[in-house]
Amino acid sequence: GAGVSQSPSNKVTEKGKDVELRCDPISGHTALYWYRQSLGQGLEFLIYFQGNSAPDKSGLPSDRFSAERTGGSVSTLTIQRTQQEDSAVYLCTSTSGRGGNSPLHFGNGTRLTVT
Amino acid sequence: GQQLNQSPQSMFIQEGEDVSMNCTSSSIFNTWLWYKQDPGEGPVLLIALYKAGELTSNGRLTAQFGITRKDSFLNISASIPSDVGIYFCAGPAPPMKTSYDKVIFGPGTSLSVIP
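Those protein sequences? They're chains P and H, same order as listed.
Numbered according to this note's numbering, the first sequence spans residues 1 to 115.
Numbered according to this note's numbering, the second sequence spans residues 116 to 230.
Treat the hints as calculated values from the structure; they're not laboratory data.
This one's a predicted model, so the numbers in the text were calculated from it and none came from an experiment.
It is possible that some hints are incorrect.
Said to hold, decoys possible - Below 35 Å or equal to it, Euclidean Cα-Cα: the simulated DSBU-like pairs (lysine-lysine) are:
hint: 1; chain 1: P; residue 1: K57; chain 2: P; residue 2: K11
hint: 2; chain 1: P; residue 1: K17; chain 2: P; residue 2: K57
hint: 3; chain 1: P; residue 1: K57; chain 2: H; residue 2: K166
hint: 4; chain 1: H; residue 1: K166; chain 2: H; residue 2: K185
hint: 5; chain 1: H; residue 1: K185; chain 2: P; residue 2: K57
Same shape as in the complex, but just chain P:
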């Protein structure tokens, strides 16, 4: 079946504008994570959704970042008033289990460039 789909694949925006990044997880996967990968860096945890539980937002770097997951499926990561340091690849991943005991299935990411 289809894997995790992210859109857009590339986004160039001016500093100060808002952006929305979309993630379509694998159907039936209850867990969804967002990570950020800066050039040459590892994956920085941003936020985690698991079923109907309250999301773990502990990785969001500032209040300009927010995410929601509607109907337990599609998720949107919103960055308000973008800054140049927000430039990175934003990766979404979903899994059927807990993440520690079931594989994370990643999308190919959205490359965000803030000019």
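Please build the complex by placing chain H on the supplied structure of chain P, with the hints as guidance.
Here is chain H on its own, set in the frame of chain P:
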């Protein structure tokens, strides 16, 4: 917070050589995961380790869960050009929750294979 360290940061090897990389943490992990990221794609799970001392193989890849539970090793035998990529260790950040896993990633080891 919890942090994973990986070494070496990058490696350049000749095709056919064996590769060894490791991952360490100041905290005890109950699960160690190894992911590989090909250029332009999201990471893919290679091996999962769940028990201290566990040694697990996946083809030419072998990974071990350190006895101290604070480290893990990944070995690749007889490297080939398609082994090129970034190798990440990962695991559920301690203290583990009862209902979900916040999976954190190390900074990665970049592998280049010279034909």
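>> Tell me the hint numbers this structure goes against, listed in increasing order.
In response: none
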